[in-house]
Amino acid sequence: MLSLMPWNWKQPDWPHFRYDASALAALEQRFLLSSGEVIGAVRHIGPDDRDRLRIELLSDEAIKTSAIEGHRAKLSRPL
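Residue numbers are given in the UniProt record's numbering: position 56 of the sequence shown equals residue 56, and the series is strictly consecutive.
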């Protein structure tokens, strides 16, 4: 499990951002493999289901973004 770091702007050397790319290599590889699996799976669903999936993913991201900003979204019935 990854430990949480302070925000970039709270780092002592802000705004001179630095990171260790090698520390991210394994996570990037896992992300790329997972992305390929998702893309492959999405290619096997029909256009209507693909559109519903897209709407659901975008809606989830909008709700999460609102929560980060301190807003609570009012949800209506599911699609």
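Hints were generated in silico from the structure; no laboratory data involved. By construction, the Cβ of each residue, glycine as well, lies at the ideal position given by its N, Cα and C atoms. Treat the hints with care, since some could be wrong.
For each label pair, taking beta carbons as the anchor points, the in silico distance ranges come out as [what the hints assert, rightly or not]:
#	residue 1	residue 2	range
1	49	15	25 to 33 Å
2	6	45	36 to 44 Å
3	13	45	43 to 51 Å
4	11	50	25 to 33 Å
5	5	48	35 to 43 Å
6	6	50	36 to 44 Å
7	51	12	22 to 30 Å
8	7	54	26 to 34 Å
* Against which earlier hints does the structure fall short, listed by number upward? -> 1, 4, 7
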